[in-house]
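S.K.: Could you build the full structure based on these sequences and the hints that come with them?
Which chain is which? The protein sequence lines are A and B, in order.
According to this note's numbering, the first sequence holds residues 314 to 427 in order.
According to this note's numbering, the second sequence holds residues 255 to 367 in order.
Simulated from the structure, these hints should not be mistaken for lab results.
From a predicted model like this one, the values you see are computed outputs, not experimental measurements.
If you want a taste of the chain A side facing chain B, the calculated C-beta under 10 Å gives, among others:
hint, residue
1, Tyr349
2, Gln351
3, Lys358
4, Gln414
Even glycine gets a Cβ: it sits at the ideal position worked out from N, Cα and C.
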Amino acid sequence: RKEVEQDPGPFNVPEGATVAFNCTYSNSASQSFFWYRQDCRKEPKLLMSVYSSGNEDGRFTAQLNRASQYISLLIRDSKLSDSATYLCVVNSQISGAGSYQLTFGKGTKLSVIP
Amino acid sequence: DVKVTQSSRYLVKRTGEKVFLECVQDMDHENMFWYRQDPGLGLRLIYFSYDVKMKEKGDIPEGYSVSREKKERFSLILESASTNQTSMYLCASKRFPSGNTIYFGEGSWLTVV
Numbered sequence: 314r315k316e317v318e319q320d321p322g323p324f325n326v327p328e329g330a331t332v333a334f335n336c337t338y339s340n341s342a343s344q345s346f347f348w349y350r351q352d353c354r355k356e357p358k359l360l361m362s363v364y365s366s367g368n369e370d371g372r373f374t375a376q377l378n379r380a381s382q383y384i385s386l387l388i389r390d391s392k393l394s395d396s397a398t399y400l401c402v403v404n405s406q407i408s409g410a411g412s413y414q415l416t417f418g419k420g421t422k423l424s425v426i427p
Numbered sequence: 255d256v257k258v259t260q261s262s263r264y265l266v267k268r269t270g271e272k273v274f275l276e277c278v279q280d281m282d283h284e285n286m287f288w289y290r291q292d293p294g295l296g297l298r299l300i301y302f303s304y305d306v307k308m309k310e311k312g313d314i315p316e317g318y319s320v321s322r323e324k325k326e327r328f329s330l331i332l333e334s335a336s337t338n339q340t341s342m343y344l345c346a347s348k349r350f351p352s353g354n355t356i357y358f359g360e361g362s363w364l365t366v367v
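M.R.: Shown next as structure tokens:
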């Protein structure tokens, strides 16, 4: 089983639509979670962290469900500028090493259409 | 403003050449990483480092080596470049041990012919 799984898409949505992405992770000891955004031929950049209580940043809402081991990203009122690939990232402690490992999903591609 | 700088953005090298990719960060981060990213395969970890002169293999270390002589600098070395190493290479850094945000450089696009 892959450690972090995402639907690769593409998700093609009209401007103004609401779109949701899910991501599942296999390591139940994972401790922190993030969504990164990557534009075409650019580096990934942090979009938002994901907290257990859920968190919102403008049009973006992230949720974490530890029991089912998935995180989600909801984008409301989609803009053309939201077109990008969204990467799910999971941070897990490496047993006995006192250090952490980041695992990236392969990303979900979003295209917002005029 | 945080900064991870990859000095070589676009390179074309011949098969068998030795290739150096340099990365410098100005955030005093302990952890540094090298990834490669290919269509359909996502980000794959090549090597990482927790401290100066320390290195650990990632998921795909074969054909690569690294060097970390100074805290701010992490170099990726392709000892003998091959065509299957044509890819985008991303350097990244983050604070130890559990710094939340990983910061990426802009990427180095390597073509091996």
